[in-house]
Structures are given as C-alpha cells and as structure tokens.
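Undergrad: The residues making up each chain are set out below.
Number of protein chains: 2
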Amino acid sequence: MAHINDLPSWVFDETDHTFMNEALVEAAIAGARGEVPVGAVLVHDGAIIARSGNRREELQDPTAHAEILVLGAAGREIGDWRLENATLFVTLEPCPMCLEACRQARLALIVWGTPDPLMGACGSVLDAAEDPRLHPPIAQRGGLLADNASKLLKEFFAKKRLSS
Amino acid sequence: MAHINDLPSWVFDETDHTFMNEALVEAAIAGARGEVPVGAVLVHDGAIIARSGNRREELQDPTAHAEILVLGAAGREIGDWRLENATLFVTLEPCPMCLEACRQARLALIVWGTPDPLMGACGSVLDAAEDPRLHPPIAQRGGLLADNASKLLKEFFAKKRLSS
Numbered sequence: 001m002a003h004i005n006d007l008p009s010w011v012f013d014e015t016d017h018t019f020m021n022e023a024l025v026e027a028a029i030a031g032a033r034g035e036v037p038v039g040a041v042l043v044h045d046g047a048i049i050a051r052s053g054n055r056r057e058e059l060q061d062p063t064a065h066a067e068i069l070v071l072g073a074a075g076r077e078i079g080d081w082r083l084e085n086a087t088l089f090v091t092l093e094p095c096p097m098c099l100e101a102c103r104q105a106r107l108a109l110i111v112w113g114t115p116d117p118l119m120g121a122c123g124s125v126l127d128a129a130e131d132p133r134l135h136p137p138i139a140q141r142g143g144l145l146a147d148n149a150s151k152l153l154k155e156f157f158a159k160k161r162l163s164s
Numbered sequence: 001m002a003h004i005n006d007l008p009s010w011v012f013d014e015t016d017h018t019f020m021n022e023a024l025v026e027a028a029i030a031g032a033r034g035e036v037p038v039g040a041v042l043v044h045d046g047a048i049i050a051r052s053g054n055r056r057e058e059l060q061d062p063t064a065h066a067e068i069l070v071l072g073a074a075g076r077e078i079g080d081w082r083l084e085n086a087t088l089f090v091t092l093e094p095c096p097m098c099l100e101a102c103r104q105a106r107l108a109l110i111v112w113g114t115p116d117p118l119m120g121a122c123g124s125v126l127d128a129a130e131d132p133r134l135h136p137p138i139a140q141r142g143g144l145l146a147d148n149a150s151k152l153l154k155e156f157f158a159k160k161r162l163s164s
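Protein chains in written order, with our numbering: chain A, 1 to 164; chain B, 1 to 164.
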C-alpha cells in the first residue's frame, strides 16, 4: 500500500481552491455546531449544487458524514442519483463508507484536504479508490488546503479535551 | 480471502427468522416500487426500531440503500447514533458503503441473506468485516433465508430484462 506521503503532489488550480474554500466554510460551521469539523461541496457543470458539513451529532445519524449528505442532496437536486461528471470537494480524506458512496454515485473525481490516519480510504488506512475488485474505478486527489482543514480539526479536538 | 462457500453454516434461531422475514417484506415492497428489492430492519433490545427497503430510485439518492436508511432512522429513534448492541437484518450481503456504516454505528452484529457477487463486502468481493485495519471489529453472519432474498432479486431482474 502506498503511504500517503508517497502520493504525488497534485496541481490544483484556482477553481479547485475556490471550491475547497467553500468546503472549509462548511467544516467551520459544523465545528461551531459541535460536530467534528468536516465539510463538503458537490460540483456539477462547474457550479456547487450541494453543500454540507458533518451532521452526525445534530441528526444522531451514524451515516451523516458531510459526503453522504451532499451526495443525497445533489441527487435530489438534479433528479438523478448517478452523479457522473460531478466532483466532490471534502476537507478530510474520505472514510470507506463515503469513498464507496462516491464510487456508487459514479462521481468523476474526489478532491480531499487533509489525510485521515484513522479511517482514510484513499491511501492512509486503505487504498479503496484503487482496489481493482471494486467497480467502477474512481479518481481521487488529496492534499488541497490540507493545513486549513487540519487546523480546524486540531483546534476542535484541543477544545474538546479542555472541556472534558 | 475466504470464499463465500467456505463460510460456516450459522445456526439461526426462530427470532432471527422472524426478523429476516420482516426485512424480506421490506424488500418485496421496494421491488413493487421499482427499486432493486433489498430490505432491512434494525433490532434493538429485542424489537424492530427501524425498517426500510432500498429507496435509491424514489429518492434519487445514491446512498439510499436499505441499510443506510435504517441506520439513520434508528439513530433518530433512540437519540443516539451509537447503535451498540443493535443487530441489522438485511436481505442482501452489504456493500462496502453499508458495511462501513454499520461498523461506524458500532452495531453488534449484521445478519444478511443472500450473497452479492458484485459488491458484497462480507466475503464475496471483499472481507471488509474482518479487515484488521478497520476499527471497531464487526460481526456478520450470512445465509439466513438466502433463497427467499435471491428469488426476489432474480424475479425483479428477469422482469426488468423483459420490459427493456
């Protein structure tokens, strides 16, 4: 398995940065609500059609990761659960649940921010995106604005430790 | 990887059969709505607290597998996304998305019906339930009323081929 540090440094353009900044806004809002601060936006035909932060605590729904919520909202928005040609921007490396949801939604690409050493399915714990047993293949690129995403998470958990 | 045919023959009791029959009812209803006929129930403290069929087409939500829907409904029902001690009964071997959702919800056990040779994550395609890189561990037992679940799926796809 390739270690996350071995991943190539992708070249992200200004538009990628713009969309990831929107995902970071969702992450920050989620953190302010007491959720682990992770955010996502779904881009289709060059525009954001769904955006959400993590809402697991608010909804008491174990599946309410930001990615799952934007995939559902995006499908409803365009009236088709097949989100071909769409790109997900998410501040944290997806877990195996969210990675597989993206694959089944037939996304063109996942762009993620900071690695998740505990649950990351794009190289940190699993390489699920490149597992040849799973279809269809899905492309992913990590590391965009990773420091911003990581800072939100670190501050959240530091505060949590102080208050517990 | 253990092949599905190598899995032990679990001993299921009458209660297990009762709950799986309820999941089969949900699968049949889903099929009548034009969904791939898969159904699930979530059992907590000996009672069904959530039930659903697959609603991917109805909701145009790529994540709307029966398992994802019952996990969300169950969390809302008991006011806690941590569904420890709960058991999921589902008519089809879970895909990697649903398997991981069950793990993160901290379910005690998944009981499933018929194997899924295309996407099954409990032995058919992946052995995700037993992957030591993923935590916490989750127990699963397959094959309960498999023929009933399989018959629903076969009839559904046979009809679909006729009408297409």
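Heads up, some of the hints might be wrong.
Copies of one chain are not kept apart here, so a pair can be met inside one copy or by any two copies together.
[Unchecked claim] Below, simulated SDA-like cross-link-like pairs (lysine to any residue); rule was C-alpha separation at most 25 angstroms, straight line:
hint: 1; residue 1: LYS151; residue 2: GLY79
hint: 2; residue 1: LYS159; residue 2: ARG82
hint: 3; residue 1: LYS151; residue 2: ALA108
hint: 4; residue 1: LYS154; residue 2: GLY79
hint: 5; residue 1: LYS159; residue 2: PRO137
hint: 6; residue 1: LYS160; residue 2: ARG82
hint: 7; residue 1: LYS160; residue 2: ILE29
hint: 8; residue 1: LYS154; residue 2: PRO117
hint: 9; residue 1: LYS151; residue 2: ASP80
hint: 10; residue 1: LYS159; residue 2: ARG55
hint: 11; residue 1: LYS154; residue 2: VAL36
hint: 12; residue 1: LYS160; residue 2: PHE12
hint: 13; residue 1: LYS151; residue 2: SER164
hint: 14; residue 1: LYS160; residue 2: HIS44
hint: 15; residue 1: LYS159; residue 2: ILE49
hint: 16; residue 1: LYS160; residue 2: ARG106
hint: 17; residue 1: LYS160; residue 2: PRO136
hint: 18; residue 1: LYS160; residue 2: THR18
hint: 19; residue 1: LYS154; residue 2: ALA47
It is worth saying that the hints were derived from the structure and are not from the lab.
Undergrad: Against each hint, give a clear statement of whether it holds in the structure.
TA: Verification of the supplied hints:
1. LYS151 x GLY79: neither (36 angstroms within a copy, 30 angstroms between copies)
2. LYS159 x ARG82: Result: close only across copies, 22 angstroms inter versus 39 angstroms intra.
3. LYS151 x ALA108: neither (28 angstroms within a copy, 34 angstroms between copies)
4. LYS154 x GLY79: Answer is neither: 37 angstroms inside a copy and 27 angstroms across each miss the 25 angstroms cutoff.
5. LYS159 x PRO137: Answer is neither: 39 angstroms inside a copy and 29 angstroms across each miss the 25 angstroms cutoff.
6. LYS160 x ARG82: So LYS160 and ARG82 pass the 25 angstroms test across copies only (19 angstroms; inside, 38 angstroms).
7. LYS160 x ILE29: For LYS160 and ILE29, the Cα distance is within 25 angstroms only inside one copy (16 angstroms; across copies 45 angstroms).
8. LYS154 x PRO117: within (13 angstroms within a copy, 41 angstroms between copies)
9. LYS151 x ASP80: neither (35 angstroms within a copy, 28 angstroms between copies)
10. LYS159 x ARG55: within (19 angstroms within a copy, 39 angstroms between copies)
11. LYS154 x VAL36: within (10 angstroms within a copy, 42 angstroms between copies)
12. LYS160 x PHE12: neither (33 angstroms within a copy, 43 angstroms between copies)
13. LYS151 x SER164: Within one copy only: 20 angstroms inside, 52 angstroms across.
14. LYS160 x HIS44: Neither way: LYS160 and HIS44 sit 36 angstroms apart in one copy and 30 angstroms across, limit 25 angstroms.
15. LYS159 x ILE49: Close neither inside one copy (32 angstroms) nor across copies (35 angstroms); limit 25 angstroms.
16. LYS160 x ARG106: The answer is between: 22 angstroms across copies meets 25 angstroms, while 36 angstroms in one copy does not.
17. LYS160 x PRO136: Close across copies (22 angstroms), not inside one copy (39 angstroms); limit 25 angstroms.
18. LYS160 x THR18: neither (29 angstroms within a copy, 43 angstroms between copies)
19. LYS154 x ALA47: neither (30 angstroms within a copy, 40 angstroms between copies)
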